[in-house]
Amino acid sequence: MIINVSRQAFANTLADTPVMKSAALAIVPPTVGRALESVFDRSGPANNAI
Amino acid sequence: MNDSTDNTTESGGKKLQSAFGDRGTNVNAIAYGHPYAEQIVKQAKEILSESPTGLILVRTLNTFKIPIHVMKGNPREGNGYSSEMKTIFLQIPGNMDKASGEIVLNLAKSLREADQELAGHKAPDLQKDLMAYAAFMHSRNLDCLTTACKIVKELTNSAYFSNLVDTLTKLGLNEFYKAYTDGKPREELYDYYAQAHDNRGSI
Chain S
1 MIINVSRQAF
11 ANTLADTPVM
21 KSAALAIVPP
31 TVGRALESVF
41 DRSGPANNAI
Chain U
51 MNDSTDNTTE
61 SGGKKLQSAF
71 GDRGTNVNAI
81 AYGHPYAEQI
91 VKQAKEILSE
101 SPTGLILVRT
111 LNTFKIPIHV
121 MKGNPREGNG
131 YSSEMKTIFL
141 QIPGNMDKAS
151 GEIVLNLAKS
161 LREADQELAG
171 HKAPDLQKDL
181 MAYAAFMHSR
191 NLDCLTTACK
201 IVKELTNSAY
211 FSNLVDTLTK
221 LGLNEFYKAY
231 TDGKPREELY
241 DYYAQAHDNR
251 GSI
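So the sequences go chain by chain: S and U.
All residue numbers for the first sequence refer to the numbering used here, where the first residue is 1 and numbers rise by one.
All residue numbers for the second sequence refer to the numbering used here, where the first residue is 51 and numbers rise by one.
Please keep in mind that the hints were generated in silico from the structure rather than gathered at the bench.
Among these hints, one or two may not hold up.
Unchecked claim - For the chain S half of the interface with chain U, some residues (derived, Cβ under 7 Å), not all of them:
hint : residue
1    : P18
2    : K21
3    : A24
Claimed, not checked - According to the in silico footprint, chain S covers these stretches of chain U (three or more CB under 8 Å from chain S):
hint : segment
4    : 170-183
5    : 234-242
All C-beta atoms, glycine included, are put in the ideal place defined by N, C-alpha and C.
Chain U extracted, bound-state conformation (with noise of 0.2 Å):
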C-alpha cells in the first residue's frame, strides 16, 4: 500500500513518524529527523501532563496545534520555540530513544517559551536594539526557567523526581532549584539565573 497514511511496515510493525504534521513521513527517510522522534515526544508529554502546571503546557501545545521538530543532536543546543517558524525545535541524540530529563526539561522550557509567544509576548527586533531585545530573552529564560522548576516541584512525589533534579544538577541549575523552592523573590532568581548563564555559556 502506498498511501502516505499507512503506518505499518511490510513485515506489519509500525512505522516511526515524527511527532506532528508529516502524515506518515518516514523521518528515517529525513537526513536530520530523529528515528525515535513520536514516542519520546509522547513520553516527555505524558510526564509534564502529571503535574497541573504542565498539563496546561500541554494542552496548549495541542490547541494550537504547535509542531515539534526533533532533530539528531545534541539536547544542549538550539533548543527551544521559533517565533518565525512557529515551531518547537528539540535536538536529542540519534540513539537515545527514552524522554530523558534534560528532554523533559527543554520540552517544558519550550512549551512555556511558546505559551508566552501566543499570549502575545513576543521579543523586540533585535536589529533595532539589542539591550531591549536581550532584557526580553532574559527575563523570558527566567521565567521559563522558573516554570520548569515549578513542574519539577510539582513533580515531587512521582517517579521521575529524582531524574529531573539530579538532570538540574547536571545541568548547573541546581543552586537555581533550591532557591525557587525556597521561595527567593523573583529579584533573587535573576541573580542565581544570571550566575547559572555564566557557567554553562547558555541557558
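Excised from the complex, chain S in its bound form (with noise of 0.2 Å):
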C-alpha cells in the first residue's frame, strides 16, 4: 500500500477501533477479477469467459 500520509497519523486511525471498523466494514470491495470480467463484458457475449 503506498501512503501519502505519515504512517502513525493512519496508524492512528484504527484506535477508535469500534468507529473505524464499522466505516471499514460499511465499504466491501468489488470481487476478485471484477475488472476483467468487465473488459469481457464490454466485448461481447461470446468472450464472457475469463
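Join the two chains into one complex using the hints; note that each chain is given alone, in its own frame.
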C-alpha cells in the first residue's frame, strides 16, 4: 500500500476501533477479477469467460 | 548493435531488463532499479498463477498491462499499487535474485489493490477527509490480506506452501491466516488485521 500520509497518523485511525471498524466494514470491495470481467462484458457474450 | 531492443550483451549473454515497458533498458544503469527484477517478477507471477485466485490477478495484470517497478530496498517499505502512477511498486533487497515468500505475498496484495482500482473501487480524497480515506484503506488492506491468504490456502498442495506460511508467521500475520482458514467472518478478521497492524505499524 502506498500511503501519502504519515504512518503514525494513519495508524492512529485504528485507535478508535469500533468507529473505524464499522466504517471500514461498511465499504465492500468488488469481487476478485471484476475488472477483468468488465473487459469481457464490453467485448460481448462470446468472450465472457475469464 | 545499438538497437535499444537488443537483449544480448557483447559476450552473448542476456541483458537484464526491468519487468515491463522499458523496451530493453538495462536496469543496472538505473540507480534505483533492481538487477534481477525481471526474473523475480516472472517467478512470483508463476507461483501466483498456480492458484486459481492468483491466476485471475495475473491475468488482470497482463490484460491491463500494469507496469511493475522493482526497486532495491526493504520489502516491508512502500510496496503496492499507486493509483496516481498506475504502477505497482515493489521493493526487494539488491542481493536477492529469487522470488521470496514475502515478494510473492507483496505482489499478490499489490495485484489485488490494482484489481480493485480497475474495478472502480477508488480511495476518497485524503485531503478532504482523513477518516473516510483511512476507512477505505483499512477496508482495502483487509481485503488484500484476505485475498493473499486465499491464495496461500489454494497453494496448500504446492511446493511453495510451507515457505508462504512461514513468511506469514515472520510478518506477524499467522493469527490472521489461522482466522481466515478457520472461516472467521469479516468482522472478526478485521480485529486480527487491526492487531497485526498495531504490532507491525503497517500491513
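Checklist entry - Which numbered hints does this structure break? => result 1
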